[in-house]
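Q: Listed below, chain by chain, are the residues.
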Amino acid sequence: MEVTVTVNGEQVTRDIEPALLLVHFIRDTLGLTGTHWGCDTSNCGACVVLLDGRPVKSCTTLAASCDGHEIRTIESLEVNGRLDPVQQGFHEEHGLQCGFCTPGMIMTARALLDENPDPSEAEIRTAISGSICRCTGYANIVRAVRWAAEHESAESRR
Amino acid sequence: MATTAAKETPIGHGNMKRKEDARFIRGQGKYLDDIVLPGMLHGAVLRSPYAHARIVSIDTSAALAHPKVHRVITAKDLETLGLAWMPTISYDSQAVLAGDKVRFQGQEVAFVIAEDRYSARDALPLIDVEYDPLPAVVNARKALDPDAPLIRDDKPDQTDNLATPLWEAGRAEECEHVFAEADTVVSRDMIYPRCHPAPLETCGMIADMDPETGQLDIYNGNQAPNLHRTVYAQVAGLPEHMIRIMTNDIGGGFGNKVPVYPGYVCTIVGSIVTGKPVKWVEDRSENLMSTGFARDYVMSGRICAKDGKITGVQVDVIADHGAFDSTAQPSKFPAGFFHVFAGSYDLEAAHCSVKAVYTNKAPGGVAYRCSFRVTEAIYLTERLVGELALKMEVDPTELRLRSFIRPEQFPYENKTGWTYDSGEYEKTMREAMRIAGYDELRKEQAERRERGELMGIGVSFFTEVVGAGPKKHMDILGQGMADGCDLRVHASGKAVLSISAQTQGQAHETTFAQIVAEELGISPDDIQVRHGDTDRTPFGLGTYGSRSTPVSGAAAAVAARRVRDKARLIAAGMLETSPEDLVWEKGRWSVRGDPEKNATIDQIAEAAYGDAPLPEGLEGGLDGQSVYDPPNLTYPCGGYICVVDIDPDTAEVKLRRFIAVDDCGVRINPMVVDGQVMGGLAEGVGIALMELISFDEQGNCLNGSLMDYLIPTALECPDWELGATVTPCPHHPIGAKGVGESATNGSPPAIVNAVCDALYQSHGVAHIDMPLTPARVWAAMQGKAEPPQ
Amino acid sequence: MQTPGPIEYERATTVHNAIELLEKYGPETRILAGGHSLLPMMKLRLANPERLIDINELDELSYIREADGEIRIGAMTRHRELLESELLTRHFPIFVDAETVIADPPVRNRGTIGGSLAQADAAEDLSAVCSALKANVVIAGSGGERVVSMEDFHVGPYMTAIQDAEVLTEIRLPVRAGGGSAHEKVERRAGDWAIVAVSAALWMEGGRIADAGVALSAAGPTTVHATRSEGLLRGEDPSEELFAQAGALASEDCSPTADGRGPVDYKRHLAGVLTKRALGRAAERASNRGG
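Chains as they are written, first to last, in this note's numbering: chain A, 1 to 158; chain B, 1 to 789; chain C, 1 to 291.
There may be inaccurate statements among the hints.
Quick list of in silico lysine to any residue cross-link-like pairs, SDA-like style, CA-CA up to 25 Å [as the list claims (entries may be wrong)]:
1) B:K68 to B:T159
2) B:K68 to C:A47
3) B:K654 to C:R189
4) B:K68 to A:P18
Worth flagging that the hints you see were computed from the coordinates, not collected in a lab. Bear in mind the structure is a predicted one, so any value in this text is a computation, not a measurement.
Please put together the full structure from these sequences, using the hints given.
A: Take a look at the structure:
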C-alpha cells in the first residue's frame, strides 16, 4: 500500500507493507537512522518521534496510520547549521554518554518546551519518564533541558 | 562544531565538553542496526521455549519454503564445520546451536537467513522443533542436590552440576580463631540476585565474508574487539589478520557486550555459506533471556568485631553460572576479584570459598559494571557491616571510621592477597558525611521516629579493584592484559591517537585527547582519538572492569611522553644545544635560563618531517608507541550515604537523597567522572529496588521484557549529590585509577542499608534480599522476608 | 525488535463504516485505536489478526462534553486529553489521579479510553475509575446503539460485552451533586501496572454519604467491583474508621493472584490500605466542593 507522510517538513510517498512499524519506516524505508529502538514492549522510549507535534513511540505506531500526518525526527532539529537549543543543552550539560537514548530524549524535550517554555525539574522528569537512559542517571538530562529553556527564552527575548 | 571558547578549553585535564557529542545530538551516531551493506540479508534466531529438553527432531522445510528465506542453519550444519560448540572464556564449551538438548529457555536452536527482518521473523514459527521436556533446575543450591537433573551430560566426566571446583582465598583457620575471639558476630545468608545490564542497544552483528579474498569484515558493537578477533580466529580457523572487527558506536555495554554470543557465530557462518553480508540484531527479550546476565551469587557470610573494630569477614559462595560457564574474567581468577571482599577495613582475618554450579538458565554472571565480581564482594561486606552496626548499636560511619585501613598503611596487603595502592578512607567518608549533613540527618531521623515515621540513612564504603592487569598474573584466553597505544603527531602539529580501549559512552574521544594534551600541550581539539577498528588500532583487551584509564590511559600517557622525549632531541638540534639543557613547559622545549630560545611542539613537528637534517641517529616523524603492562591494579574507593523514607502502610521505598563521594585518583575530566558516577548510581537504584531476572519451577524466565525487567526512570532517581577526594595512584603515570564501575558497586548496599536502618528498631528488620520492591519490604516488615525466586 | 506478522489494513471513514467493515471481514479483523495494547501483542505474536480497521481518523469519537446530566467522553479520546481536560477534572478529579500514573507521556499521547476499556486488562486503571463512577458505555453495531453498565461491560479477563462487528463509541459519566472521587495506586516503578489500585467515588448529601463507588484494579481476574464496601458506606457519616472498614471488606472480597508484582497477602493488604486512602481523599474533595 502507498502512504504519504510529511517527514521533517517534506512530503514523502512510499510503497509499504501494512505491517510496517513507523520506526522501521523512518529508519529502513527513509534511511533516517537517528531514531532508535531498544525494546519489544513500548517501554524504553528510544524510538520517540513527534507525530503531529506530540511525542509518540514509533515502535508502537503503524506507518500506515501516519498517512496524511506529520512526523518530525531528530534530523529535523538542526537548521542551516544551527543547533536547536535542546541539542546544545545536551552538549553543554553532558546530558548524553552512549547517545542511544538521546534522540528520543531530545525530541521529548523539544515537544515539552514547545508547550511549556519554563518547566520545573519535576515537570521535566515526568515528561521524560517514558524514556530510559542507562548511562547518565538522568540528572544531567534535566539540566540540559533547563539549559535549553533558559537559553531559548533569552534568545526570544532578544 | 566548536567545543568551547579557546580559553575555557583546558590544555589537558579539566571539564572539557565532549567531542563525540557532535554526531549523537544530531542523530548521526552509527550504531550496528544503522549500517546497511549492499545485498545484505537478515538473520533471526529460533530459541527454545523449554529450560531443559531433548531435541527429538528439527524440520526446517516449511521455513525454507518461505519465498524470502535463503537458508536455515541448525546444529547439524554447524557440526560439519566443527562449530556446533564453541569454547568459552572460562575454558568451558557452549553450544552455538543446540543439537542434543536445550539447556535454558531462550537457548539458540536454529538460525534463519532471509531477505528482510520481517520475513526472518515470520519464518521462525515455521521451523518445527519437537522437544521432549526434562525436569529443570533453576535454584543454585538445588542444583547440587544428588537427585538434581544433570545438565551438562555433553561433558564426558561431568556427573553433577558443579561448574568449577571450590576456589578459596584468605585463611580459614585464622578466621576461626578471630571469630572465636570476637565480641560480636553477625552471620547472614544473602543473595545478590540475577540481574541484567540491559544496555539500551541490544547486541547484534553484520558479518561480511568476501569469498574471493577470504577477508571477513565484522561490524559488531563489542567491548573487546581484539579479543573477539582472536576468538573467531581460533574458533573458526580463520586467519586472524584477515578478520577486521569494526565497532562504530555502541549504545551501552556495561559488560553485556563482552561475550562472544552464539548469534555472532551463526551470523559469520551465515555470511560464509550465503556469500553475502548477513545482519543479525537481537530483540530485547533475546537480550534479557540469553545474553550475559549479572550476579546470581548465593552467599553465606559472617563478620565479627572486637573492641569496637571490625576484625574478620568470611563468606562461602555458590555462584550460579547458568547452563554454560561463560563468565569472563582473567583466567587465573575463576571467582574474578571477589576476594577483595576484605574491603576497606584493617582486618585480622578473611576467608572466602566460591564454587560455581550449572543451572538451566542463560549463561554468564560477570557483567553489569561488576569489576569481575567486586559488586558481589562489596555488597556482601557492606551489608554485613551495616547489620553489624545495627547489632552493636553503633553508628555505621563510626564503626567504619574505627575500622578503616589508615593512610600510612598503604601500600596495604590485605588478607586475601591484594596490595591496595593508596587511599585516604577517613577523608573520603567524612566528605560524604559533610555533604550529607550527617548529624542533622540523624537528628531528623530521631524526630521522625517519635512520630512513627520510617526514615532510613544507609552508608556504604567500598574499595574497588580495577585496571586488570599485570600480564604475569592476568590473561584472558592466554592474551596478557596489556594494552597498546599509538600516537602520531603530524607535521601540522595535530595528532592522531589510536587506542585499544573501546568506549560505549565513556567519552574516550575526549578524555584520551585530554591525556595527550596534558603531556604534550597540543589542544585536545587537535587530537583525534581513533578506536574501534582492529585494522587501525593496536592490540589490547578492551574496555570492561574500569580498565580503560588505568591501562589504556597509562599507555597513552607513556606514548605521549615518548613523543615528548623525541621532541626534545629534535628541539635540541633545532636550537643547537644539548637535550639536557632543555626544560619542558606544556607545549614547548626551551633552553634552561633562556626561555626566549624555544621550540614549540608545532615547530618540532614540522621539523620532524621537514627537509632540514635531524640530529645524528634520529629518524624522521614524531610518533610514540607503547604497550602498557600495568604493575598493579588500581584501587578507587568511595563513601556513599543514602536517605530513604518508607511508607509504613504500603512499604513503598522513596529514595530522598543520595550522596556519593568517589576517590578515583587524578580526575582527567571531572564532568565525565561525575557522569559515570551518576549512571552507576541509577543502576544501583534499579538493582536495589526493582531489577530481577527470575524463573519459575519449570525454568520459564519471568522477566524477559522491559515490562517485567524494570529499569529506573527519571522519576525514581533523585538529584545526585556528588563529591570527590583525590588520592593519586602511585604507580599510574598520571595517578588516575578509573571510576566506571564504582557507583554500581557502592550504591546497592547503601540503599539496602538505608531501608534496614529505617526498619530495624521498629520492625526488627536486619536484612532484606534485593530487589526491595514494596511487596518484599512489606513481607520483611511482617517478619516474612524470603529470598527472591 | 519484534515485528508483527503480515496484515491487511483499512481506514474507517465513520463509525458506521467501521461497523460495516467489521461485518464484511469477520472476526479475524480487529479495530486499531491507539494501538498500545494491540500492536505490542501483535509484535509478540500473542494476537494475530488478519486485518486492522484503523479508527484513528474518527474525530467524531474524540470529545469530552457535558450533556443531559452526564459527562460524555468519546471512545477515541486520548489519555492525555483526559488528563488535561478542565471540564473532566472539575467533575471527576479521579481522572487526573489515574492518568498521572497510567503508562508514560508518549503512550498517553496515543492510547485511548475506549482502547483501554475494551482491552479489559484487570490491571488497567480506567476500568476501575469508570466502574467507581457508575459509568455506562455505548456500544454501536449494525442494529444501532446499546447502553451497557460497567458491571455488564466487564465479562471476564480480557473479555467485554462488545460483540463481533460492534464498536465502543462513548463513555457516559453521570453527574450528581456532592461528588468527590480519587484513585490510589501502588506500583513498583513509574508507568508499571498497578500492584493494586483503588478507585473511589462518594456522593454526599447533607453531610452523609448518599452513594459510593469503589472498584479495584489488579485485584482479580477482572475489575473488582467492591459492592459490599459500597453498601457499608451508603447512608453513613464519613469517617476514617468507616473507610478502614470499607477497606477491610474490599480486601476480603477481592481475589488477587500472586505474580511478579506481589503475593496475595500483600495485595489484599494494599486493597485495604488504598481503599481507605481513596475514600478519604474522595470525601475531602466532595466536601471542598460543598457536598
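Q: Against each hint, give a clear statement of whether it holds in the structure.
A: These are the hints, each one checked on the structure:
no.: 1; hint: B:K68 to B:T159; verdict: violated (45 Å)
no.: 2; hint: B:K68 to C:A47; verdict: holds (23 Å)
no.: 3; hint: B:K654 to C:R189; verdict: holds (11 Å)
no.: 4; hint: B:K68 to A:P18; verdict: holds (17 Å)
In terms of the numbered hints stated before, the structure departs from hint 1 and from no other.
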